[in-house]
Structure formats: structure tokens, C-alpha cells
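Chains as they are written, first to last, in the numbering used here: chain Z, 18 to 370; chain L, 18 to 370.
A portion of the hints provided could be inaccurate.
[What the hints assert, rightly or not] Distance windows between CB atoms, simulated: (1) Z:240 with L:242: 53 to 59 Å; (2) Z:131 with L:271: 37 to 43 Å; (3) L:292 with Z:74: 54 to 60 Å; (4) L:21 with Z:359: 18 to 24 Å.
[To be verified] Here are the computed lysine-lysine pairs in the DSSO-like style, where the Cα-Cα straight-line distance is at most 30 Å: (5) Z:269 with Z:345; (6) Z:20 with L:345; (7) L:91 with L:345; (8) Z:345 with L:20; (9) L:76 with L:20; (10) L:20 with Z:269; (11) Z:22 with L:330; (12) L:269 with Z:20; (13) Z:91 with L:22.
[As the list claims (entries may be wrong)] Computed footprint of chain Z on chain L, listed as stretches where at least three residues anywhere in the stretch have a Cβ under 8 Å from a Cβ of chain Z: (14) 39-46; (15) 183-196; (16) 322-329; (17) 346-356.
By construction, these hints were calculated from the structure, which means they are not laboratory data.
Beta carbons are placed, not taken as given, at the ideal position from N, Cα and C, and that holds for glycine.
Protein chains: 2
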Amino acid sequence: MSKDKVIRMEHGAGGETMQALIREVILDNITSRSAGLVGLDNLDDGATINIASTIANNKNSDEIVITTDSHVIKPAFFPNSNIGRLAVSGTVNDLAVMGAAPLALTCAIVVPEGFELDSFEQIIRSMNETAEEVGVPIITGDTKTIERNGLDSIIINTTGIGIADEVIRDCGMCPGDRIILTGTIGDHGISLLAHREGFDLTTDLVSDVAPLWNMIRSVIPIRTIEGRPAISAMKDPTRGGLAGALNEMAQKSGTGIIIEQKDLPIKRSVSSACEMLGIDPLEVANEGKAVICVKAEHAEEVLSIIREHEYGKDAAIIGEATDENSRKVLMRTTIGSMRYVDTPTGDLIPRIC
Amino acid sequence: MSKDKVIRMEHGAGGETMQALIREVILDNITSRSAGLVGLDNLDDGATINIASTIANNKNSDEIVITTDSHVIKPAFFPNSNIGRLAVSGTVNDLAVMGAAPLALTCAIVVPEGFELDSFEQIIRSMNETAEEVGVPIITGDTKTIERNGLDSIIINTTGIGIADEVIRDCGMCPGDRIILTGTIGDHGISLLAHREGFDLTTDLVSDVAPLWNMIRSVIPIRTIEGRPAISAMKDPTRGGLAGALNEMAQKSGTGIIIEQKDLPIKRSVSSACEMLGIDPLEVANEGKAVICVKAEHAEEVLSIIREHEYGKDAAIIGEATDENSRKVLMRTTIGSMRYVDTPTGDLIPRIC
Ligand SMILES: Nc1ncnc2c1ncn2[C@@H]1O[C@H](COP(=O)(O)OP(=O)(O)OP(=O)(O)O)[C@@H](O)[C@H]1O
Ligand SMILES: Nc1ncnc2c1ncn2[C@@H]1O[C@H](COP(=O)(O)OP(=O)(O)OP(=O)(O)O)[C@@H](O)[C@H]1O
Ligand SMILES: [Mg+2]
Ligand SMILES: [Mg+2]
Ligand SMILES: [Mg+2]
Ligand SMILES: [Mg+2]
Ligand SMILES: [Mg+2]
Ligand SMILES: [Mg+2]
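Bound conformation, chain Z alone (with noise of 0.2 Å):
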């Protein structure tokens, strides 16, 4: 391995170099390996998941959660983070936005040969170091090569394994219930967009991305006096934005949502991006965010548990669920007048998925 610098075809192709590339520079990168008995260490052809004493331990549980996401981010490295924070971040929010709690990750790697090896080992520290901070084991993976002028960057898909008490759907929000937002809009898109594109916008502007589960696990269990759970619906407003979030929550539950402009938390530099380059923050991607809907009566209670954490610190309530407008959200912009806030309809912009 040590002779190496950049990924080769071998590094995909099955033997001995691929054997070794997988034990040197993943396994020895990753913490923990193991849910169950047959882990990472193992080589095997897969792994296992140590089910029984799980469900065991999580007594209203019938249902395991499952959630997969490839990530194609360009460049893979940007201000603060990297893809490998981004492909583990994106799958444990998926997870805990169902109300599940992180099992096991699986890590499947393509990869453009010329690849620098130096950069491939720097992401799967990230991945492990992201794994650790919410305590997950990534337990199996695999990895492919591609020629070079097939593929230009690297490619990282996560599934994820999780365990919910109860499963938190995206359609269960109720006319009456309240909006949360866990923090600014558009970091994510806008950091990357300036990073890509050589604006030198801000000096403290940075993706948000960042694993939720230990924010989100505080506020699972809150129940109304009736006994049910106080969060009726969550969503990671990721591709789509906030927009496009809040149009799918609207939609499956079958309720109105009207938000307030002045409550929307976003960063200066972020909005005078968007304004610059006639880009609405509420289409632009995050990946360190959530929309939680609670019970009105514990909309408080949720929030300042929320603001508590280091993700949740710019968190804010930014509207409500209507039974007018059914499906559709509407916006009471600051200076009071109202507009729909539609699915997004085009390309992604920016690009940075």
C-alpha cells in the first residue's frame, strides 16, 4: 500500500491489492466494526446485526428502519468537511428523522483510479470520526474502481440500519401543530456553491453537515398527556430545500403550512448570496438541518431542548399547519404579504448534489 499514491484499477479488482487497501486504509480508519457476530473484521460477505437482543431492549419495537443515499458531492473536499462526513451524516439524519436509532452503517466506495490515496484515507477518517460522534459501527461495504475518464470523483453510498420505538412518519402533521426549524437555511448550498465558484463571500460561511441523531434523540420521547408522541411528522429538508420539504409534508398529511419570512433563522451572508444571484434560499439544500412539527402545547418545551445542542442552537418555530390551503404552504413574507412556496419545479440550484 505504502508505494501507492493515487487509487489504481487493482485497488477494485478483487485481489491482493484490493485485500490490502481494505485493511490498511479502511479497517485501521474505523473504530467500531461490529453489531453483531459477524462484523467489518470479518471480511465476510457481509455482516450481522445482533437483532434479538435489540428488539429485546427497544420493547415497542416491530420495525427496523432502513434508509440508503449515494453521494456524488464535487469537489469532495469543502470548507470544513468532506464527502465522508456528508455520506454518514445524510444516512444517520435519515434515519433519526424517522425516529431511529443508528444500528449499523454499510460503506460502498467507487472510485476513479488516479484517486489520491492520500485523500481516500482522510475521508474514511471522516466517516469514522461522524460514525463515532452518534455511535454507530460501519460494519460491511464495498469497493470499486472505475477508469479514469469514466468517473471524476468519488462516489460513496450508506445504508443504514436503525431502530425506532415508534416510527416517525412525514405524513402525520395535524392542522393546529407546530413548525420547527433546527437552524439557518441554505449553508450548505451557498457554502459550497461560493467554495466552487471562487466567491470569497464570507469568511465564517460553512456547510451545516452534521449527524442529528443526538439533538433529535432528546426530543423522541416527549409525549402529549393523552401518551402519544408530541412529534407528528420530520424531515431533513435536504435536495429541495426547506421548500421542498415542507411541500411533502403538506402534501401526505393532507394540512395547509404557513411559515413566517421574520422567523425563518438564515445567515446574512447566505441571504445576500441568494439575493446576489437570484437563488431562494428556501430550494437550497442542507444537511445538518430538520424539520420537526410538534403538538402546539410542547412546541416550546422541544424548541428550548433543541436550542440546547450545538446543531440546534439557531433553531426557531417558523409556522404552523392550516386546515386551509390544504397541500399547499404558503409564506407571510416581512413585509406581510403572502406567497405560496412551491415543490421546486427545475435543476438544482446549485448543483451540489
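Got chain Z sorted already, so can you dock chain L with the ligands onto it with the hints?
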């Protein structure tokens, strides 16, 4: 959707265009879409598997099995099959060789702009057919697009979740165990090479890609008189071929292996192509074969059951595990000499993964 003939960047942008693609081209072509409370139809952040009932029905199971593979084969369509069938088969087979019945699959696609929509749909249909063959639902997925100059073909990741009464490892071989190969070697790699390079080797040589669960499930329950599993180890000889799989099994089990060249099932077209091109057929990838190590007294029984199945009609006992030559694989050639069969070192020949 109907107005489009090819994939555009918007198909991966998280907005209405992507939603239409997922609904019209993916959901409409997948027959079995749920394994629990939240399925593909719900288009939530992920999906669930009802595991409590599964565990209750598989009383010996404490563990669920997880496996993941990304498929990057070029061209995406090859004689008799395509990347969709390959992706589902590969993941079903990794579960099967661990002794696990498939419970659910995920489907994460990365596709370049400009990819034909008809081809995309045909791939989804093949995934569905192959999944239907073994009765496994596809419950969640992801779709990302890349600019046409950033990727030259479609990439599919499938992760499988399965359950085993007893997990079968690739390290459990004991001296004296017989080694069964479920069919001819090299068909996948050589047929692909011929197709790609435009050789006309033969008219009947096609890839062996197939999902093996229905065949393998019939031999898993066989027990020794002491009540232990008759199968001691199992592996699918994919990248690295039979040579790679046998070496890994020998190394992990600490036994030697001796195989008989005369007993090795191989098509004449494959052996002559390999001879002509200077390729060792033992190192060529297979996508519809399994290596099954079985207690000697059950070898004939397992072999005859495997042979009854369409994917196992050419199965043969190819050798056995030995005390001597620990961690090495030896082959008695047809002329009676002995040679070591090593783990492949170099590049994948042909490059087919
Ligand atoms: N990027 C990765 N991260 C974590 N583990 C990995 C990674 N790549 C491979 N592995 C592990 O290395 C072992 C060998 O992987 P490999 O992909 O060769 O197995 P396979 O899927 O059975 O073979 P094939 O991919 O040829 O079908 C497996 O245990 C796998 O989990
Ligand atoms: N190729 C596919 N096969 C099956 N289902 C898919 C596929 N692509 C997307 N889906 C399903 O469509 C829904 C929306 O997918 P999407 O990827 O937008 O969700 P997400 O992961 O929450 O968002 P993001 O990918 O932006 O993080 C999910 O329920 C997902 O399972
Ligand atoms: Mg395998
Ligand atoms: Mg996601
Ligand atoms: Mg693999
Ligand atoms: Mg999501
Ligand atoms: Mg495999
Ligand atoms: Mg997704």
C-alpha cells in the same frame, strides 16, 4: 415524464421532475414494495422492515444479515442480461452464501445526464423480475444524476437485509469437508469480454448472472446426525474468481484445499477463450455461482439437490479441505501434476465490475 427521452440533471434534483421519475418509472415497475409499516409507496426518508414477526417466525435467529455492493459494469446491457439483474443477483447471493433469506433490498442509482430513459426503465424492470424470482421487496432507494462528462455509465448500489436461521460464515471449513461448485466457471467474465471486444466466441456463451437463493435455501436445512449444519462454509466466487474465493476460505479456516482440474466444470468456449487470451479461468469473475463446503457424508446429497435446480445443473464436487498445506490452495492438473492456485494479484482480467 413522457416528453423526456433521456435523463436530465433535473431527474436528480429533488424537485417535481425527480418525483415524477420515481413514481412513473420506478414505483410503477416494482411489484413488491413493502416489508413493513413504511414501504416504497410512502416515499418517506427511508422504509421499515417488520422484524418482530420475522424473528418470531425464525426462532433460532438472533442476527439479521446485511450486505452491500455497488455495480459499475460497462456496458450496462450485455448478452442475456443487464446491470439491473446483476445488482439484485449480487446482493441476493451475498445474503444467500451467508445462509440468509432476503427480507428487503434498497436501490440507489447514480445516472449520467443523457442516459436513455428507455434503458433506465428496462433496468428497473430487470431489477424487479430478479427480485420477484426470489420474492424480495425493494423498499427504499435514492436517485442522483451526474453531468455527462463526469460519469460515463449508470451505477447501482443494492443493499440487502436478510435473516438466517444460522449464519453461514466463509471461515468454517474443516479438513475432510468436500467442496462443491454449483456450475461452470468464467461464464460471466468471458462472455462480457467477448461482447465488449466484439469477439464471436460462440453463440451460446452468456453471463451466468442469477439470484441463487431458491437453490441455496434447499440445502441449508440439511443437518449432520449430531444436529450441526452440514454446510460448513459458503462464498460466491465473484471478483477474484474461484481462485480468490478458495484462497480466502482456506486462509480464514486455516485448512488447505486441494481441487481436481478434471472435475472443474468449465464450458469449452470459456476454456479456449482463456487459453487464447492467456487468462486463468480460475481468476475470472462469476455472478451466478456458489462454492459450498459440506461435511463429506452429506456431499452427494447436497450435490444432487443442487443439480435439480436450473442454476445448479452443472454442479460438481471439485475437491476437499485438507490438513496439509494449511492456508494454501492446490490443484491436481489433468496431466497429474500439482500446482498452487494463488490469490489473484494484479488487475481484474477482464475488467468487468
Ligand atoms: N469501502 C469499504 N468499507 C468497508 N468495508 C469494505 C469496503 N469495501 C469492502 N469491504 C469489506 O471487504 C470485504 C470484501 O468485500 P468484497 O466487495 O470483495 O466482497 P463481496 O461483495 O463478497 O465481493 P464482490 O464485491 O466481488 O461481489 C467485505 O467483508 C466487505 O464488507
Ligand atoms: N432509485 C430508487 N429506487 C427506489 N426508490 C427510490 C429511488 N430513488 C428514490 N427513491 C425513493 O424516493 C423517496 C425520495 O427519495 P430522496 O432520495 O429524495 O429522499 P431523501 O434521501 O430523504 O433525500 P436526499 O437524497 O436528498 O437526502 C424515498 O422514499 C426513496 O426511498
Ligand atoms: Mg461475496
Ligand atoms: Mg437523504
Ligand atoms: Mg462487494
Ligand atoms: Mg430525507
Ligand atoms: Mg458481492
Ligand atoms: Mg436520498
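Outcome of the hint check:
no.	hint	in the structure
1	Z:240 with L:242: 53 to 59 Å	holds (55 Å)
2	Z:131 with L:271: 37 to 43 Å	holds (38 Å)
3	L:292 with Z:74: 54 to 60 Å	holds (58 Å)
4	L:21 with Z:359: 18 to 24 Å	holds (21 Å)
5	Z:269 with Z:345	holds (11 Å)
6	Z:20 with L:345	holds (26 Å)
7	L:91 with L:345	violated (33 Å)
8	Z:345 with L:20	holds (26 Å)
9	L:76 with L:20	violated (51 Å)
10	L:20 with Z:269	holds (27 Å)
11	Z:22 with L:330	violated (46 Å)
12	L:269 with Z:20	holds (27 Å)
13	Z:91 with L:22	holds (26 Å)
14	39-46	violated (count 0)
15	183-196	holds (count 4)
16	322-329	violated (count 0)
17	346-356	violated (count 0)
Going through the hint list in order, the structure does not satisfy hints 7, 9, 11, 14, 16 and 17.
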